[in-house]
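These protein sequences, in sequence, are chains A and B.
So the first sequence is numbered by my numbering: it starts at 52 and just counts up by one.
So the second sequence is numbered by my numbering: it starts at 6 and just counts up by one.
None of these hints come from the bench; they were simulated from the model.
Take the hints with a grain of salt, since some may be wrong.
Covered, in the sense of this in silico footprint (three residues per stretch, anywhere, with C-beta under 8 Å from a C-beta of chain A), are these stretches of chain B [claimed, not checked]:
1. 67-76
2. 79-90
3. 101-108
Here a beta-carbon is modelled for each residue, glycine too, at the ideal position from N, C-alpha and C.
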Amino acid sequence: MAEEVVLLDFWPSPFAIRVRIALAEKGIQCEYKEEDLRNKSDLLLKMNPIHKKIPVLIHNGKPVCESLIQVQYIDEVWHDKSPLLPSDPYQRAIARFWAHFVDKKIYEIGTKIWTTKGEEQAAAKKEFIESLKLLEGELGDKPYFGGDNLGYVDVALLPFYSWFYAYEKCGNFTIEEECPKLIAWAKRCLQKESVAKSLPDQKKVYGFVLQLKKAFGIE
Amino acid sequence: MAEEVKLFGTWGSPFSRRVEIALELKGVPFEYIEENVSDHKLKSPLLLKYNPIHKKVPVLLHNGKPILESLIILEYIDETWKQNPILPQDPHERALARFWAKFIDDKVNPPVWRALLGSGDEREKAMEEVKEGLETLERVLNGKKFFGGETIGMLDIAANFIAFWLRVVQEFSGLEFLTPDKCPALTKWCDEFVSCDVVKEHLPPREKLIAFTKNWLSGNGWTD
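Given the sequences, and given the hints that come with them, work out the whole structure.
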């Protein structure tokens with residue numbers, strides 16, 4: 052049976068970007084359907100009735116929801132090419148831990164940076180940098196979190212690089228100053244075609260953030 | 006090499022108990038170390054060494070290597086000890102088990118505590134969230150004996166909170182989250198689950214949990 056892979060997508064979403072990178076790494080043909088989140092399609096509501104969110108991966112008509120679950124699914128189904136999770140159970144547990152850490156810390160705190168001001172923003176910036184430094188510690192001297200090649204944690208974290216410029220402008224700080232290793236890592240990843248074609252332009256993401264701030268009345 | 010398996014846990018935590026159930030199911034002998042989690046100063050140096058970032062239980066130590074986060078530990082256990090698998094083989098089924106386990110932790114567990122701690126509108130809203138979550142799980146169960154089918158799987162283990170903690174809170178607080186008329190299959194599942202051999206030794210003592218929760222609540226200001 053011919054494989055049918057569809058991704059319900061939204062260009063700046065870090066969660067959707069993760070799936071795009073995974074699909075590209077594995078060379079999987081996919082139909083990308085851009086969603087208008089103010090006017091969600093019937094397909095989206097049918098395929099993710101619980102959360103009504105993107106990304107939704109639809110494989111031969113069956114939906115898979117939640118980006119990290121989707122990346123694991125892709126890794127399990129298309130297991131013969133570019134494995135993302137290591138084969139050793141302990142290394143897998145470590146990779147899952149750090150991917151979960153990215154979800155808990157980078158996304159939530161990053162959001163606070165562009166949605167808050169004053170003391171709350173200052174605290175968010177501090178925690179953000181601390182979290183990035185912990186990730187730098189995990190990266191160590193490896194070229195990628197996955198070792199010699201892109202792995203699960205690289206895929207989990209990379210999309211947020213597209214948002215760094217927006218965080219920096221909104222928070223009035225420079226990430227590279229504090230976390231040069233991480234920026235070097237991101238630039239190294241961008242050399243790969245699968246990453247370069249999946250990550251949106253940072254300035255475009257900043258424009259989107261400004262639109263959101265206006266729409267939500269955030270200064 | 007002899008296996009060395011240790012679990013740093015705490016008697017009242019559903020997350021900690023999940024790991025106990027999985028190890029029991031797989032027949033893996035382990036050493037249990039009770040951590041005092043209410044007083045940070047009393048957390049053991051070993052816990053702080055193995056989980057420096059979050060300083061939380063459960064922590065599974067396998068031949069000296071720490072594994073953190075209950076759902077991650079469950080997957081690790083399943084991959085390391087192959088007997089009595091708790092995750093399905095099929096990738097789509099696995100994705101579903103992971104999705105619903107996350108749903109329980111993100112959408113069902115937190116509003117139970119919000120309902121307990123809150124009052125008025127906030128409590129109402131939290132109650133609605135829990136009830137909706139439970140009704141969704143009723144549909145997921147779809148008349149099966151367990152989420153895992155004939156025997157318990159990862160999702161059943163992840164749902165331990167509902168089978169025990171949620172029902173204990175319901176009984177002493179009078180907040181009716183789970184009712185047999187709205188969720189008949191789920192209600193039956195709760196009874197089946199807590200009676201399983203591999204589960205019943207790994208539930209907190211009921212009265213002790215009630216006393217502990219009430220004590221914690223009065224420290225936080227229980228209002229009615």
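Comparing the hints with the structure gives:
1. Interface restraint, the segment 67-76 of chain B with chain A: holds (5 residues with C-beta to C-beta distance below 8 Å; minimum three).
2. Given a C-beta distance limit of less than 8 Å, the hint that chain A covers the segment 79-90 of chain B holds, as 4 residues qualify and 3 suffice.
3. Against chain A, the segment 101-108 of chain B contributes 4 residues with a C-beta closer than 8 Å to a partner C-beta. That satisfies the three-residue criterion, and the hint holds.
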